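Asker: Each chain is listed here by its residues.
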Amino acid sequence: MAKHPLPTLSIIAAASLVLVSACSGDAAPEGDGAPKAGEPEVIDARQANFKKLGDSFKAIRTQLEGDSPDMAVIESAALDLNIAALATKDQFPEGTSVADGWDTEALATIWEKPEEFAKAHQMIADRSAEMVKLAQAGDPAAVAAYVKDLGGSCKNCHDNFRLDDG
Amino acid sequence: MASAQPASPFGADPAIRVWDLPVRLTHWSFALLVPALWWSAENSQWALHKRFGVTLLGLLIFRVVWGFIGTRTARFSSFVKSPGAVLAYLKGKGAAFIGHSPLAGLSVVALLGAMAIQVGAGLFSGDPYDGATGPLNPLVKVSTADALTNWHEWFYWVVLGLVALHLTAIVYYLAAKQDDLVSPMVSGRKIVKADVQENEPAPWGRFAFAAALSAGLALWVAFGVPPFT
Numbered sequence: 816m817a818k819h820p821l822p823t824l825s826i827i828a829a830a831s832l833v834l835v836s837a838c839s840g841d842a843a844p845e846g847d848g849a850p851k852a853g854e855p856e857v858i859d860a861r862q863a864n865f866k867k868l869g870d871s872f873k874a875i876r877t878q879l880e881g882d883s884p885d886m887a888v889i890e891s892a893a894l895d896l897n898i899a900a901l902a903t904k905d906q907f908p909e910g911t912s913v914a915d916g917w918d919t920e921a922l923a924t925i926w927e928k929p930e931e932f933a934k935a936h937q938m939i940a941d942r943s944a945e946m947v948k949l950a951q952a953g954d955p956a957a958v959a960a961y962v963k964d965l966g967g968s969c970k971n972c973h974d975n976f977r978l979d980d981g
Numbered sequence: 003m004a005s006a007q008p009a010s011p012f013g014a015d016p017a018i019r020v021w022d023l024p025v026r027l028t029h030w031s032f033a034l035l036v037p038a039l040w041w042s043a044e045n046s047q048w049a050l051h052k053r054f055g056v057t058l059l060g061l062l063i064f065r066v067v068w069g070f071i072g073t074r075t076a077r078f079s080s081f082v083k084s085p086g087a088v089l090a091y092l093k094g095k096g097a098a099f100i101g102h103s104p105l106a107g108l109s110v111v112a113l114l115g116a117m118a119i120q121v122g123a124g125l126f127s128g129d130p131y132d133g134a135t136g137p138l139n140p141l142v143k144v145s146t147a148d149a150l151t152n153w154h155e156w157f158y159w160v161v162l163g164l165v166a167l168h169l170t171a172i173v174y175y176l177a178a179k180q181d182d183l184v185s186p187m188v189s190g191r192k193i194v195k196a197d198v199q200e201n202e203p204a205p206w207g208r209f210a211f212a213a214a215l216s217a218g219l220a221l222w223v224a225f226g227v228p229p230f231t
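Same order as they appear, the protein sequences are chains R and E. 816 is the number of the first residue of the first sequence in the working numbering; add one for each residue after it. 3 is the number of the first residue of the second sequence in the working numbering; add one for each residue after it.
The hints are simulated quantities; they were obtained by calculation from the structure and are not laboratory data. Certain hints may be false.
[Claimed, not checked] Example chain E residues on the side facing chain R (calculated, C-beta under 10 Å, incomplete):
id, residue
1, Ser46
2, Asp132
3, Ala134
Values in this document were obtained by computation on a predicted structure and should not be read as measured data. Here a beta-carbon is modelled for each residue, glycine too, at the ideal position from N, C-alpha and C.
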């Protein structure tokens, strides 16, 4: 090895450089990079919508962590969450799964078990509507008690229909 | 014939010990784990990503401990130098050395530091209602976890930038200074022209201590630092 340093070095350096350039090519997280040619636009739209949904839920939980939760912020976030939850209904046309080769975590199971997917959608539609009611009623304790139920409707769908093995 | 130097047909090994085995193993593990971590995140392999991340944490802890109790060239005290020493090295006026140059010492600290920051942020990242979470996520507020998650996403580019700089430096040393830095990191030995003392081996007990400490800490973190979560 010591007598012929060049081959070792050039192989490792070349491999590393290929790696670095490969990384810089598609390391952008989903939704942020240039979409693959022919990628259905709905994929970016639904990822943006889920981001809104997640951010609204975080806004609610952030308020509840503080000493005096701002019920106006919670109510507005609950409304945003409900709107985003309802919007997901039309964002899963066939041919937009990870199995179709797109940069998405949507499993093909969504279209293999359409009734179950519809049920999962109904669950978050109902529970996010209930959260809006609780927020409007103005009792932080009731909102806090319902966080797990609402979060359960996220997790329920993720567990079954999202590429997510964490 | 009675000379003190035995005339072996192969001659004495002109290469002297520079890097100990733990230094080389941690180095090449970093080189494998950084791309593996990137790949697993890109492909939503979160269970693997977490396992790789905790492994990297263990190796980082090991390398830092080894930086205090390892062999001479492994120790921070041997390669973390004053700005004056770095400047002298850059002007070609530095003292003869084996191991990291004063400039490389900065690179080691930057690479280890960047990986530590990246792993540290990852431990708290994620959202329990939205996919995978790091093992320490329950310890922080929702907004803190959110900020650290964002940090964990963009800071990867800092790690990648430092790796690119590291590789560029290796190519530069070979091309401009005919100094092969890679082979010694594989074999542990290097042919050195200057009259310097070769690296001394470390007792196995010290290695066992550093390995046990770092594995124990990394596992404790992997399980969410019980009883705190």
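Asker: All hints are to be evaluated individually against the structure, with a verdict given for each.
Answerer: Each hint, compared with the structure:
1. Ser46: Holds, because the Cβ-Cβ distance from Ser46(E) to chain R comes to roughly 5 Å (cut-off 10 Å).
2. Asp132: For Asp132(E), the interface hint holds, since the closest Cβ of chain R sits about 5 Å away, which is under 10 Å.
3. Ala134: Hint holds; Ala134(E) Cβ to chain R Cβ min 2 Å, cut 10 Å.
No hint from the list above goes unmet by this structure.
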